[in-house]
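*Asks:* Sequence:
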Amino acid sequence: FSGDIKKVNALEAYDGLQLFAVEEGLLRTNMTEVIVMPGATIEGKTVKESGFRSLFDAAVVGMRRGGKRLSGKLGNITIQAGDNMMLAVGPDFNERKNLDKNFLVINDSVGEIRTTPFQDYFITGTLMLVIGLASVGLIPLIKGVIFLLVCMLALGVVRSSELRRRFPFQLAVIIASALTLSQALTNSGLMAILAEGLHANLAGLGPYAALVGIYLGTLLLTELMTNNAAAALSFPIAFGLAESYGISHMPLIMAVAYGASASFLTPYGYNTNLMVQNLGGYELRDYFRFGLPLSLCYSATVLVMIPLVFPF
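Counting in my numbering, the sequence shown runs from 3 upward without gaps.
Honestly, the hints are just simulated from the structure, not real lab data.
Warning: the hint list may mix true and false statements.
[What the hints assert, rightly or not] Cβ pair distances, simulated, as ranges:
#, residue 1, residue 2, range
1, T80, L286, 45 to 55 Å
2, G134, K75, 29 to 39 Å
3, T117, E97, 48 to 58 Å
[To be verified] Under the rule of at most 25 Å between Cα atoms (straight-line distance), these lysine-lysine pairs were calculated in the DSS-like manner:
#, residue 1, residue 2
4, K47, K99
5, K50, K75
6, K75, K47
7, K50, K70
8, K99, K50
9, K70, K47
10, K103, K47
11, K103, K50
Beta carbons are placed, not taken as given, at the ideal position from N, Cα and C, and that holds for glycine.
Could you build the full structure based on these sequences and the hints that come with them?
*Replies:* Here's what the structure looks like:
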């Protein structure tokens with residue numbers, strides 16, 4: 003991490019001097035490690051220019067990039083996607099709604115809720131009850147999950163602010179947008195035109211060629227953008243092709259689902275790829291070198307198994 007701690011350590015040589023953070027336990031209670039997300043609002047700005055402290059109620063105390071410590075004044079370092087930051091956070095840090103848009107939180111020691119034995123047993127018992135009732139068909143699983151969530155909120159196991167911050171609103175919007183776009187393309191006739199054009203180009207190759215094409219197209223998209231966006235763009239095309247061929251929708255839809263989850267070649271297609279990039283000190287060529295064999299094996303398995311499990 004950036005920052006020269008030698009001068010701070012030198013102070014401990016004087017009798018009677020002790021770091022306030024150590025005495026008060028702050029180094030254990032308010033230190034949070036994060037990784038900057040691609041497309042973050044603070045990307046391309048220096049720590050000072052971004053107004054980091056007021057924006058997140060946190061101060062940057064250390065930075066690493068590509069597994070190496072950054073040198074210079076922290077306030078003058080330009081923030082890049084994938085940067086590993088150590089933050090000293092304030093009490094409002096976890097309440098900020100812009101955290102998930104900017105960071106992947108690796109180690110969060112702030113805002114942990116300590117539960118009582120009663121809460122532990124009650125929530126565990128309720129969870130088992132919901133699973134049991136849903137498995138025998140007495141209640142829909144979604145209603146059981148909502149009931150469990152209400153219980154957790156009522157007992158204080160989950161904060162409403164934390165729930166609002168972590169709810170995948172972006173994912174819900176993407177799914178709704180994909181379904182709306184598919185319906186709009188179908189109603190306008192554009193879906194039929196697009197599907198017929200693709201069908202004509204794949205004439206004589208059969209529906210399996212459409213499955214391979216949809217899978218490879220989605221795989222390419224997911225390496226260039228998020229998997230959610232790749233699926234949203236590919237879903238309407240897959241749906242239209244299935245209609246054009248007069249086959250089941252499931253094989254092509256599953257091709258979209260598996261293709262959108264096949265981000266092995268770059269660190270930017272999925273959050274965990276970006277997380278291990280800094281922690282392991284990997285470079286882009288490392289992802290391609292190790293990801294290509296994995297991608298080929300994964301793709302071969304998917305393209306063989308989908309028609310067997312989900313027949314046309």
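*Asks:* Are the hints correct? Go through all of them and say.
*Replies:* Verification of the supplied hints:
1. The hint said 45 to 55 Å for the Cβ distance between T80 and L286, and at roughly 19 Å that hint is violated.
2. At roughly 58 Å, the beta-carbon separation of G134 and K75 lies outside the given 29 to 39 Å, and the hint is violated.
3. For the hinted restraint 48 to 58 Å between T117 and E97, the CB-CB distance of approximately 20 Å leaves it violated.
4. In summary, the hint linking K47 to K99 is supported, as the alpha carbons are separated by about 20 Å, within the 25 Å threshold.
5. Under the criterion of a C-alpha separation no larger than 25 Å, the hint pairing K50 with K75 is consistent with the structure, at around 10 Å.
6. This hinted pair checks out: K75 and K47 have alpha carbons roughly 14 Å apart, not beyond 25 Å.
7. At roughly 21 Å between alpha-carbon atoms, K50 and K70 fall within 25 Å of each other, so this suggested pair holds.
8. With a C-alpha separation of about 21 Å, the suggested pair K99 and K50 falls inside the 25 Å cut-off, and the hint holds.
9. Between K70 and K47 the alpha-carbon distance is near 20 Å, which keeps this suggested pair within the 25 Å criterion.
10. Proposed proximity of K103 and K47 is supported: the alpha carbons are some 15 Å apart, at most 25 Å.
11. Among the hinted pairs, K103 with K50 is consistent with the structure: their alpha-carbon atoms are about 19 Å apart, no more than 25 Å.
Hints 1, 2, 3 from the earlier list are contradicted by this structure; the remaining hints agree with it.
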